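Chain residues, written in single-letter form:
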Amino acid sequence: MLACIALISGVAAAAPRQQFVAPAPGSYRLEAIQPVPDGEVLDSEGAAAPLRRYTTGKVTLLSFIYTYCVDPVGCPLAFQTFSELRTRLLANPAQARRVRFVSMSFDPTNDTPAALRNYAGSLAAPASPLRWHFLTTRNVAGLRPIIDGFGQDVTVNLDAQGRPTRLYNHLLKVFLIDARGRVREIYTTAYLMPEVILGDIQTLLMERAP
Amino acid sequence: MKTSRGLLPFLFALALPLTAAVADETCNSPYLANLIKGQEDYLHVWTLGVPGLGDGADKLVTVDVKPGSPKYGKVINVLSVPGRGEAHHMGFSDDRRYLWAGRLDDSKIFVFDVGTDPAQPKLVKTISDLVSKSGYVGPHTFYPIPGRMLIGTLSNARDKGGATGMVVYNNKGDYVASYPIPTSMPGAAQADGYGYDIAINPRRNAMLTSSFTGYKNYMADLGKLIADPAAMKNFGNTMVLWDFKAMKPTKVLNTPGAPLEIRWSLNENDNWAITASALTSKLWLIRPDSKGEWQARDVANIGDPAKTPLPVDISIAADGKSLWVNTFMDGKTRLFDLRDPAAPKQVYEKVTGKQVNMVSQSWDGKRVYVTSSLLANWDKKGADNEQFLKLFSWDGKELREQWKIDFIKEGLGRAHHMKFTAKAAGAAPVDGAVVADRSVPSR
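Sequences listed follow chains A and B, in order.
Our numbering applies: residue 1 is where the first sequence begins, and numbers increase by one.
Our numbering applies: residue 1 is where the second sequence begins, and numbers increase by one.
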């Protein structure tokens with residue numbers, strides 16, 4: 001634990017600096033980039049459901065994670081961004097109920113529903129106006145079409161003997177999805193600015209239902 | 001270990017810096033993944049086919065550029081695509097797994113897989129609907145934005161003139177949207193609608209576009225074009241500053257004489273970009289003034305503008321302190337000191353070929369690659385029509401040629417745009433075979 005404390009004091013996720021005033025929500029349009037793929041997922045209680053249950057009906061912010069990721073510009077930065085957005089969205093519960101967060105694991109072998117439940121803790125509380133779902137798949141075969149459908153790159157680092165390690169290489173991507181299940185914005189590390197993302201969420205919330 | 005809030009916040013606090021490279025060779029977008037700060041392994045040259053030379057087709061030529069390799073400085077792969085269509089520029093996808101390469105004549109875009117095995121790129125998709133979807137012609141710049149490719153075009157299908165725009169495709173190669181370069185905007189500068197390069201500074205939400213000329217001009221014979229005063233008026237004289245988030249133009253900047261490649265300083269504390277105008281042979285600095293208003297100002301001549309040396313490509317150092325400039329007509333590679341970007345000074349020049357076009361430097365600035373072709377109908381004729389890729393070393397004082405590949409002798413064609421790749425050592429795709437036997441980490 002002492003070692004952990006030492007690490008905590010010296011580390012922060014490298015969030016990009018926003019040096020501009022974001023355009024007003026609703027003053028611009030976010031184009032439909034691509035449809036969201038479907039597939040079977042497991043929630044943190046182990047219940048199976050189609051992914052579309054978590055990507056339609058509300059504005060959704062989704063990213064891929066693995067629970068033991070320590071890359072400061074990877075999963076922890078996504079978590080930091082999601083956490084800040086969660087706080088800001090919960091300030092308006094009526095708005096928060098129209099939004100959901102999804103964190104989906106790259107690693108179904110390790111990140112079982114129980115592991116995700118442990119990882120998420122109270123963040124996944126069903127009673128929260130802003131639901132945050134932690135999802136996995138039954139196996140890699142179930143995961144692969146989903147990450148390919150999103151266009152999320154990922155590889156596993158190998159050790160000197162060619163054996164897989166615990167390190168996944170991936171370009172951090174956060175997907176903003178409209179209520180119809182279309183990806184409307186994608187954020188990589190350089191673009192991961194909470195105020196801008198909040199404006200994009202509100203822009204989608206301001207759109208009229210089709 | 002479990003806490004009332006779970007493991008997630010705890011693991012967040014354990015974040016450690018990893019060794020992944022986080023910057024790019026200087027001529028690309030600085031916001032890509034898997035960027036090469038060390039030694040590049042391969043160099044890809046998007047090459048224009050020449051009738052009667054080899055197979056005559058446009059091709060992606062891959063060269064082994066890793067010192068010590070048995071094939072160092074040699075062509076190791078040639079991937080021809082069907083026909084000739086004025087092969088021009090390329091750009092990586094955001095994850096650097098794919099290389100998009102465009103043609104200015106038939107507006108086709110070829111997507112190569114360079115992630116699986118960069119020594120042997122594979123053509124995985126050909127996009128042929130740019131004109132029908134957007135109305136624009138001549139895909140020039142391929143600038144990755146998250147999950148998408150932002151493409152700067154040069155012309156339009158209606159009159160093949162210079163009014164053009166930007167087009168977005170998603171990474172799967174599906175059309176998303178188009179954005180016209182403004183032809184009218186309030187302000188001092190006269191918007192002209194021309195397009196060429198794109199460069200984005202995410203921290204400032206600032207996107208710049210530059211301007212060249214339309215299809216009728218860039219496909220014309222250069223000698224005839226220069227002799228046609230009316231045609232010579234049809235070049236862009238502006239850059240446009242955009243609100244990138246909103247994809248809306250905010251200001252037109254007056255930069256006469258076809259401002260081409262745009263480079264933001266990669267120094268995080270800087271807030272400026274630079275470009276070179278081909279016809280007026282000047283360097284332009286784009287940055288906010290003391291009131292925060294973005295301005296473009298010509299800050300240096302490149303050679304003698306009266307002799308039209310035709311600056312055609314620039315390459316900025318990783319620290320933003322110097323800039324290579326290639327001038328096509330006199331075949332010179334010039335170095336400018338940019339320590340004061342408002343007053344660049346030329347500190348070195350060398351004739352690197354009878355005609356030179358693209359210049360690309362490694363991240364550490366020690367290697368400078370040069371190619372020869374500008375456009376099929378603009379290249380010099382006869383003995384002056386050298387076609388090559390050359391590597392020069394740079395020790396801070398002198399460019400020294402290390403090797404040259406003669407693209408005519410090798411039966412390849414006209415050597416144009418270059419991109420670097422590196423072997424993806426020690427990584428495997430996530431699939432059942434790899435992950436299933438992975439030992440579950442201890443908790």
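Read the hints as simulated data drawn from the structure, not as lab findings.
Be aware that one or more of the hints could be misleading.
Label-pair ranges, simulated between beta-carbon atoms [what the hints assert, rightly or not]:
no., chain 1, residue 1, chain 2, residue 2, range
1, A, 48, B, 159, 55 to 63 Å
2, A, 49, B, 267, 28 to 36 Å
3, B, 292, A, 40, 29 to 37 Å
4, A, 195, B, 267, 39 to 47 Å
5, A, 91, B, 393, 56 to 64 Å
6, A, 128, B, 393, 37 to 45 Å
7, B, 188, A, 29, 51 to 59 Å
8, B, 426, A, 48, 29 to 37 Å
9, B, 292, A, 84, 44 to 52 Å
Derived pair list, reagent style SDA-like, types lysine to any residue, alpha-carbon separation capped at 25 Å [said to hold, decoys possible]:
no., chain 1, residue 1, chain 2, residue 2
10, B, 125, A, 32
11, B, 172, A, 38
12, B, 248, A, 38
13, B, 366, A, 126
14, B, 37, B, 125
Take a look, some chain B residues computed to stay more than 10 Å from chain A by CB distance [claimed, not checked]:
no., residue
15, 123
16, 148
17, 170
18, 204
In this text, all values refer to a predicted model and were calculated from it rather than measured experimentally.
Quick reminder that beta carbons are idealized off the backbone N, C-alpha and C, glycines included.
Hints, one by one, checked against the model:
1. The given range of 55 to 63 Å is respected by residue 48 (chain A) and residue 159 (chain B), whose C-beta atoms sit roughly 57 Å from each other.
2. Range check, residue 49 (chain A) to residue 267 (chain B): about 48 Å between beta-carbon atoms, so the 28 to 36 Å window is missed.
3. Taken as a hint, the range 29 to 37 Å is violated for the pair residue 292 (chain B) and residue 40 (chain A), whose Cβ atoms sit roughly 52 Å apart.
4. Residue 195 (chain A) and residue 267 (chain B) have their C-beta atoms about 24 Å apart, which leaves the hinted 39 to 47 Å range violated.
5. Hint check: residue 91 (chain A) to residue 393 (chain B), Cβ distance near 58 Å, so the stated range 56 to 64 Å holds.
6. Taking the beta carbon of each, residue 128 (chain A) and residue 393 (chain B) are about 60 Å apart, not inside 37 to 45 Å as hinted.
7. In this structure the supplied range 51 to 59 Å is violated for residue 188 (chain B) paired with residue 29 (chain A), their Cβ-Cβ distance being about 29 Å.
8. Distance hint check: the CB atoms of residue 426 (chain B) and residue 48 (chain A) are about 35 Å apart, consistent with the given range 29 to 37 Å.
9. Our hint of 44 to 52 Å for residue 292 (chain B) and residue 84 (chain A) is violated, since their Cβ atoms are close to 27 Å apart.
10. This hinted pair checks out: residue 125 (chain B) and residue 32 (chain A) have alpha carbons roughly 21 Å apart, not beyond 25 Å.
11. Between residue 172 (chain B) and residue 38 (chain A) the CA atoms are separated by roughly 16 Å; this keeps the pair inside 25 Å, and the hint holds.
12. The hinted pair formed by residue 248 (chain B) and residue 38 (chain A) fails the criterion: a straight-line CA distance of about 33 Å is larger than 25 Å.
13. For the given pair, residue 366 (chain B) sits about 57 Å from residue 126 (chain A) by alpha-carbon distance, which is inconsistent with the 25 Å threshold.
14. Under the criterion of a C-alpha separation no larger than 25 Å, the hint pairing residue 37 (chain B) with residue 125 (chain B) is inconsistent with the structure, at around 29 Å.
15. Against the 10 Å criterion, residue 123 (chain B) stays outside the reach of chain A, whose nearest CB is about 19 Å from its own CB.
16. A cut-off of 10 Å between C-beta atoms contradicts the statement that residue 148 (chain B) is not in contact with chain A; the least separation is 6 Å.
17. Residue 170 (chain B), annotated as away from the interface, has a beta carbon of chain A within 10 Å; the closest lies near 5 Å.
18. Under the 10 Å C-beta cut-off, the non-interface status given to residue 204 (chain B) relative to chain A is violated; the minimum distance is some 5 Å.
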